[in-house]
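Each chain, letter by letter, is given below.
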Amino acid sequence: MAQHQADSSPASHTTQSSLGHVVPVWLLAAVFGALLVLTCVTVAVAHVDLGNLNLYLALGIAAVKASLVVLFFMHLFWDRPFNSMIFIGCLLFVSLFIGIALTDSRANEASTIGGEGPAMRGVHAPLGSPQK
Amino acid sequence: MPPTAMPPETAHDHPEHLAHHFESLQQQYDSGKLGIWLFLTTEILMFSGLFCGYAVLRALHPEIFLYAHHYLSVELGALNTVVLIFSSFTMAWGVRAAQLGQTRLLVSLLTITLACAFMFLGVKFVEYKNKWEEALLPGKFYNPDEPPPGIKIPGLREADRQPGDTDQAGKPGAPQGERTPAETSAAKADATPQAAPGAVGERSSIGPAAIGPAGLSQSWLQRKHRGRESTWAGPEPNNVQLFFGIYFAMTGLHGVHVVAGMIVIAWLISKARKGVFGPDRFAAVDFVGLYWHLVDLVWIFLFPLLYLIS
Chain A
1 MAQHQADSSP
11 ASHTTQSSLG
21 HVVPVWLLAA
31 VFGALLVLTC
41 VTVAVAHVDL
51 GNLNLYLALG
61 IAAVKASLVV
71 LFFMHLFWDR
81 PFNSMIFIGC
91 LLFVSLFIGI
101 ALTDSRANEA
111 STIGGEGPAM
121 RGVHAPLGSP
131 QK
Chain B
1 MPPTAMPPET
11 AHDHPEHLAH
21 HFESLQQQYD
31 SGKLGIWLFL
41 TTEILMFSGL
51 FCGYAVLRAL
61 HPEIFLYAHH
71 YLSVELGALN
81 TVVLIFSSFT
91 MAWGVRAAQL
101 GQTRLLVSLL
111 TITLACAFMF
121 LGVKFVEYKN
131 KWEEALLPGK
141 FYNPDEPPPG
151 IKIPGLREAD
161 RQPGDTDQAG
171 KPGAPQGERT
181 PAETSAAKAD
191 ATPQAAPGAV
201 GERSSIGPAA
211 IGPAGLSQSW
221 LQRKHRGRES
231 TWAGPEPNNV
241 QLFFGIYFAM
251 TGLHGVHVVA
261 GMIVIAWLIS
271 KARKGVFGPD
281 RFAAVDFVGL
291 YWHLVDLVWI
301 FLFPLLYLIS
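Those sequence lines, one after another, are chains A and B. Mind the numbering: the first sequence is residues 1 to 132 in our numbering, read in order. Mind the numbering: the second sequence is residues 1 to 310 in our numbering, read in order.
Treat the hints with care, since some could be wrong.
What the hints assert, rightly or not - Far from chain A, by Cβ distances over 10 Å, these chain B residues were calculated:
#, residue
1, His20
2, Leu100
3, Phe125
4, Lys140
5, Gly275
Unchecked claim - Covered by chain B, according to a simulated footprint, are these stretches of chain A (three or more residues, beta-carbon under 8 Å):
#, region
6, 30 to 41
7, 61 to 75
Just so you know, these hints were derived from the structure itself, not from any lab. Cβ coordinates follow ideal geometry from the N, Cα and C atoms, glycine included.
Please model the complete structure; the sequences and the hints are all you need to start from.
Structure, rendered in structure tokens:
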């Protein structure tokens, strides 16, 4: 890949695009088809009750779809590795952000008061609730 | 460099679109691409704030998400997913057309992409309009008369839920009808909550309150499924408005990004019609494409997280 880029002298610029990788149409169509199939799978799987597994399965399928988009539609498969480093580094920070926030979110449950939120009083009583 | 230092033809023996501070087209293109990737990471981090809020809310209140997602139409959400994936496909193909200098193909593909974006927003408008009319809104504006389609709440009289009778149906206080013995026993089951077997992982992590009102509804633990219909064994969970808060925040920010993408794609079309893009000069198409794929990427996660909860 680096060899190819080194070869791209200004003279060869005039023929085909040498600045970036040109993706063949069949590959784009194949990725599009795979994304459609995975969308159908994720809708179908949602109708099967697998307990907690449903959430992880849905997120797993979404991650596969996202990888297809990033690698082929967004050219990261052929791109300079530095761009991939930036993207993966970003994902690491996102996982740190959400992961640490989630560990903390269960730290104060004992002191949390349940019930309807204060702003909701007199606005909307839960449907079917016995009241008055 | 003062223009008098050399004759004009020497000063500009490079492509017109190569800026003076770059060594080569390749360097200019790679710098631009690095810049757009850095921008995309800031976008991902901005959206991750909302995803983080979603994760914390759902971890604490799974019952709200289990109940309220029935208000959303999976069909419309899936339709929008397909529309957006297709627009990503035409955008990626458009980048290829720009790279190969296929101007007419590029203009058509960009136009299809823009049309898909319009269709996405149209479907979104229908969804938002339904939510608005049914008072399925964040905060104190949440005040629906009806439970979601496919959900039965025992406390609501069947007569109240007849079409044409919606004025009285489900108003706070109104659902108090005569209860059948079965419904009364269901209400009792709600008053003395028992954990349903196998449902432990889905239980709200906040227990009933020691003081104040009744705490979180346990009734969703005892929901029964028959086909695509669920029977809630008790009243609606508390604080369902939180779901619509996160729903409108996430889809709204995403929608703003779709609108921004439409503006730049329209700009690309006007440029492409003049034939400025070619093998040496397609960076603008490529970079707008990267942004558009990111918008698609966010929706790929939003769709299962908001519409497909089970």
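Against the structure, the hints:
no., hint, verdict
1, His20, "holds, 16 Å"
2, Leu100, "violated, 7 Å"
3, Phe125, "holds, 22 Å"
4, Lys140, "violated, 5 Å"
5, Gly275, "holds, 16 Å"
6, 30 to 41, "holds (count 5)"
7, 61 to 75, "holds (count 10)"
Going through the hint list in order, the structure does not satisfy hints 2 and 4.
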